[in-house]
Amino acid sequence: MAATTTTTSPKQWHDADYCTLYLVTDSTPAILGLGPGPTTEREKEDKLCATVEAALRGGATCVQLRDKDGDTAALVRTARRLHAIARRFAVPLLINDRVDVALAVGCEGVHVGQDDLDLATARKLLGKYKIIGVTVSNVEEMQAAVEGGADYLGIGTVFATPTKENTKSIIGVDGLQQILLRIPAESPVKTVCIGGINATNTSRVVWQSSNPAGAGHSLDGVAVVSAIMGAADPEAAARELLRLVKTPPAFAPRHFLSTSAAQAQEPEEASTDPDPDPEAKATAILARVPDLVRAVDAQRPLSHNMTNLVVQNLAANVALAVGASPIMANYGEEAADLAAIPGSALVVNMGTVTPDGLANYLRALRAYNDAGRPVVFDPVGAGATAVRRSATKTILGGGYIDVLKGNQAEILSCIAATSLDPNASSSKAPQQRGVDSGPGDGDVQKLGAAIRDLATLRKNVVVMTGKTDYVTAAGSGGGAVLAVDNGHEYLGMVTGTGCCLGTTISAYVSAVTAAGSQGSESSAGDSRLAAVVAALLHYNIAAELAAERDDVRGPGTFVPAFLDELHNVRKATVRGDFGWLSRAKVSVLCLP
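Position 438 of the sequence shown, counted from 1, bears residue number 438 in the UniProt record's numbering, the numbering being contiguous throughout.
A few of these clues could be false.
Said to hold, decoys possible - Have a look at the derived ranges for each label pair, beta carbon to beta carbon:
hint	residue 1	residue 2	range
1	D291	D485	17 to 25 Å
2	R553	A386	38 to 46 Å
3	E186	Q445	24 to 32 Å
4	R583	A284	15 to 23 Å
The set of hints was computed from the structure by calculation and includes no laboratory data. Think of the CB as a built atom: it goes at the ideal place given N, C-alpha and C, for glycine as much as any other residue.
Please put together the full structure from these sequences, using the hints given.
Encoded structure:
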């Protein structure tokens with residue numbers, strides 16, 4: 001960004017685009033790259049100013065001077081230098097907490113935290129035209145700040161970060177979304193997120209934190225600290241971050257590209273109205289099933305399974321039977337090469353949870369996100385132990401997941417792990433005995449609404465398995481929840497059949513992703529929903545057919561027959577025989 005002599009009036013700042021790439025300074029010598037030796041205050045100040053100027057050349061849209069430990073005289077001196085630099089780029093300078101310094105310098109405003117000077121007093125001292133931002137980390141703090149007239153909200157901490165002490169909580173992208181969705185749509189308040197934001201997650205965070213017009217707010221930008229202040233080339237770092245803020249991630253489905261103000265491609269509004277004819281949706285999806293079965297058969301998608309040794313053999317055989325090409329690879333370093341293969345998909349089956357295993361999951365998740373390939377996450381036993389609950393939260397926050405599949409207890413644990421509501425904390429999530437599904441006797445309406453809200457929050461497909469499987473997808477005609485009432489009790493008597501459903505889903509989602517989505521804004525959501533429903537029907541109806549065979553006398557003889565029928569259903573469909581599909585029992589839940 002070239003320097004300019006253009007000035008902006010105090011009134012104009014409220015309408016200016018200053019939140020896109022918001023730089024927060026850090027005067028720590030190590031962050032500034034000043035080395036381990038003694039450093040004078042002047043050296044720190046010079047390096048700080050040089051770094052900020054470089055960031056402004058790279059496109060930073062706002063600067064916040066944050067120095068909790070500096071004395072007033074030094075802070076005023078540094079602020080004056082930074083203000084002169086920022087004015088050359090027509091960018092506002094804000095001071096963290098210190099209203100007195102902002103007044104002394106005459107800069108554009110302040111940022112206050114929950115433990116700093118209150119918003120009302122800051123406004124009284126600064127006047128109505130100065131910018132005042134407020135840190136918020138939950139809905140209650142957001143509501144107070146919006147009602148108090150804050151100009152922007154700094155929402156976080158999103159990810160763990162060493163730059164802030166006494167962090168109350170890590171809210172994750174889900175927590176960020178929960179706050180954004182509760183901001184009144186008519187409010188003029190701007191929003192940035194802060195905490196661990198860097199080049200590896202910026203594009204994803206902005207995309208996942210966008211919402212359809214009329215549904216809360218979308219994120220306006222990101223606040224970064226060390227990603228620029230600690231960069232070897234701050235100008236290049238800022239330029240890349242600005243590009244990432246404005247660029248949808250590789251995995252972004254077409255129908256969500258227009259919902260972020262920062263990443264807008266086409267100015268369309270996403271439909272939030274209930275589907276006028278829910279049963280027609282189920283019929284339309286059923287009509288697509290044969291083509292989806294044939295697509296898997298023709299494409300032979302690669303199903304990369306990260307799963308435990310108990311399940312690997314059965315998962316590989318199921319993949320082959322449904323028409324996919326399996327690979328069992330738990331080492332994350334292989335993921336980038338596998339994700340580069342056209343038609344590949346990742347299944348993260350949270351089997352044995354270890355620090356190394358978790359690191360491998362995250363590495364693979366990011367590799368598939370970078371390549372734009374689909375990811376299926378099965379949080380096996382998510383509610384069984386504190387370790388599993390923590391691992392589930394880490395994986396959910398570590399990247400974008402196309403399909404979240406689990407039984408009732410596991411899905412409810414995922415909801416609890418990502419909720420800002422203290423009454424829904426992970427410690428209060430349903431306790432599992434192990435990886436079994438539990439009784440599954442919850443209120444169907446409440447469960448349906450819960451998975452619909454989770455899918456909307458995460459912009460993905462959520463599948464809750466049980467005697468009846470429930471599935472919904474964000475962006476699919478008002479968030480319809482479909483019930484699939486097929487299957488057989490033998491599936492619950494064989495270890496790994498739930499995990500292998502994830503393998504089957506990965507093949508179908510990969511096939512529909514490779515084919516691409518064209519047409520209306522909701523078509524991509526509908527395509528993913530149709531792919532998952534097709535996978536459920538293929539899998540569950542094959543189980544019914546296997547259980548009815550004369551040679552099946554129990555769970556032991558069921559497994560080979562099940563593999564046969566998975567294969568037979570696929571081959572029959574390719575030949576044009578859709579008789580098996582007459583067994584399909586798909587309906588739509590009527591939710592408020």
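>> Hint compliance check: list the failing hint numbers for this structure, sorted ascending.
In response: No numbers; nothing is violated.
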